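Same order as they appear, the protein sequences are chains X and H. To convert, count from 1 in the first sequence and add 163; that's the numbering used here. To convert, count from 1 in the second sequence and add 546; that's the numbering used here.
Taking lysine-lysine pairs in the DSS-like style, the calculated list, with each CA pair at most 25 Å apart, reads:
id: 1; chain 1: H; residue 1: Lys765; chain 2: X; residue 2: Lys167
id: 2; chain 1: X; residue 1: Lys167; chain 2: H; residue 2: Lys864
id: 3; chain 1: X; residue 1: Lys218; chain 2: X; residue 2: Lys249
id: 4; chain 1: X; residue 1: Lys166; chain 2: H; residue 2: Lys765
Simulated from the structure, these hints should not be mistaken for laboratory data. Quick caveat: nothing in here was measured; it's all calculated off a predicted structure.
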Amino acid sequence: MTKKFWIGLIIILFIALMGVSYQKFLKNPHCAYDGSPVTPIYEIDIVLKEKSTKKFCSIYCASRWFKNNVTLIDHVVVTDEIRGNKIDSYMAYFVESELITNETNDNRIHVFQQRQDAITHAEKFHGTMTDDPFSLDE
Amino acid sequence: MIVNIYTLIMLFVAIFSLSLGGFLFLSTIRTLLSFKTTVPLEDKSKFERKGYLVFLLACVTLSVRMIVWPWFYFMLQSFVSEIPGAMCMFGVTQIFPSTVTFLQIIKPISFFIMGGWLLCYYIDKSTPTAPLARKNLLFLLIVCGVLLADGIGDIYYVIRMKPLMSVSCCATFFDVPMRPSAMIPQAVFGRNFQKILFIVYYVTNILLIALLFTSMSKKWVSVTSLPRKIVLYSQYAIGIINIPVVIYTFIENIAPRLMQLPYHHCIYCFMGNGMVPDAPIMLGLFVIGTFAIGWMGIIRLLCKNGEARLITERLLLKVNNVSVFCFLASIIMITIHLILI
Numbered sequence: 164m165t166k167k168f169w170i171g172l173i174i175i176l177f178i179a180l181m182g183v184s185y186q187k188f189l190k191n192p193h194c195a196y197d198g199s200p201v202t203p204i205y206e207i208d209i210v211l212k213e214k215s216t217k218k219f220c221s222i223y224c225a226s227r228w229f230k231n232n233v234t235l236i237d238h239v240v241v242t243d244e245i246r247g248n249k250i251d252s253y254m255a256y257f258v259e260s261e262l263i264t265n266e267t268n269d270n271r272i273h274v275f276q277q278r279q280d281a282i283t284h285a286e287k288f289h290g291t292m293t294d295d296p297f298s299l300d301e
Numbered sequence: 547m548i549v550n551i552y553t554l555i556m557l558f559v560a561i562f563s564l565s566l567g568g569f570l571f572l573s574t575i576r577t578l579l580s581f582k583t584t585v586p587l588e589d590k591s592k593f594e595r596k597g598y599l600v601f602l603l604a605c606v607t608l609s610v611r612m613i614v615w616p617w618f619y620f621m622l623q624s625f626v627s628e629i630p631g632a633m634c635m636f637g638v639t640q641i642f643p644s645t646v647t648f649l650q651i652i653k654p655i656s657f658f659i660m661g662g663w664l665l666c667y668y669i670d671k672s673t674p675t676a677p678l679a680r681k682n683l684l685f686l687l688i689v690c691g692v693l694l695a696d697g698i699g700d701i702y703y704v705i706r707m708k709p710l711m712s713v714s715c716c717a718t719f720f721d722v723p724m725r726p727s728a729m730i731p732q733a734v735f736g737r738n739f740q741k742i743l744f745i746v747y748y749v750t751n752i753l754l755i756a757l758l759f760t761s762m763s764k765k766w767v768s769v770t771s772l773p774r775k776i777v778l779y780s781q782y783a784i785g786i787i788n789i790p791v792v793i794y795t796f797i798e799n800i801a802p803r804l805m806q807l808p809y810h811h812c813i814y815c816f817m818g819n820g821m822v823p824d825a826p827i828m829l830g831l832f833v834i835g836t837f838a839i840g841w842m843g844i845i846r847l848l849c850k851n852g853e854a855r856l857i858t859e860r861l862l863l864k865v866n867n868v869s870v871f872c873f874l875a876s877i878i879m880i881t882i883h884l885i886l887i
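Pulled out of the complex, with its shape left as it was, chain X reads as follows (with noise of 0.2 Å):
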């Protein structure tokens, strides 16, 4: 074993716990399910029995993560694409249209606050009104 070998191993042992530091305290958030960057007006929060909250891209991403952990979740917030207030899911109105929020999953559903916001935007771009994808059943 010589001193460039331990030398070495010091280096990447530091590397490595730069790398987690990163992640743990710098990273700024992304998609819990595919990891991209989060636009401000599709984010869904899911907030957990536990009280901590997963941040999503879209309803696309949302829903499927959504469905592998519905014993965890507390509530779903959306945000309304058009004011960008955030609401609980089960209050929002969906659309599902041919107008996409995000061309990496092919996202077409759509969230609205106000009734006649989704019924503008159903008629704008060819939609219909869907339920809401995060319903708790109990």
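Please build the complex by placing chain H on the supplied structure of chain X, with the hints as guidance.
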């Protein structure tokens, strides 16, 4: 063509190495045709100078060419923002998929054989009478062939690359239940494959490190021929088995855990999206460690010469040390991340 600093450098290096490679190929053939084991004294200086020039040219060209492999991935990453729908390098690979696949296969091959040639040349250069010159020239011909194919592929890809179409997200390929990275290990290890794969990953790597440590020890010199051969062949066999094991473990276990995205298995996101900043180092160390085992095989195969024996043994020890270090460092980095994340 998408013009940015990455494509310009790639194109420059490809044209530069292609022209030098072409010249090198012709010079090598000419040198081989005029090769004589004994040279008259009056021609010796001229012959040596010519041979020296060919080898120097080869060293420069191959060293430049070897850097192109990581650079290729930097370039792919730079295309992500240009291509509609691309979230990571996977999206970029959906445009001209056959060319990208070809480049992704030929680049590691070219890196491996170029590294092997440079090591063989180092042994030959360190020996006063250059006993391996003819073998090195023949090997150089193969290396030049790969270099030319790689260079032509780079130019073709860079020039034709255009953000032509919208591509799909990596999740539609890597995260579906029927993905190949899950189906193959599942066929081998059964339903609980992820756990078993993880155990196999640690077992093969630790075994490989232990075998490499064996040939590092001072007692190794006195070991008789048969156990020596068993250890060496075991190194090669486990080194080869370790390649798919590491790839599948990375895709199925390590990448999702380290990215903190338990349902996302994309190796490109892991490598290039900056979520795990030291991921390229982990993968790079594994690649160098594995290649070093192959390089030792090439050296043992091509540099069998009484005169070069001592230098060969010394170099083998050094390459062996590099391999041990790389495997150990890679496994340490991954373990630290898994524990602390």
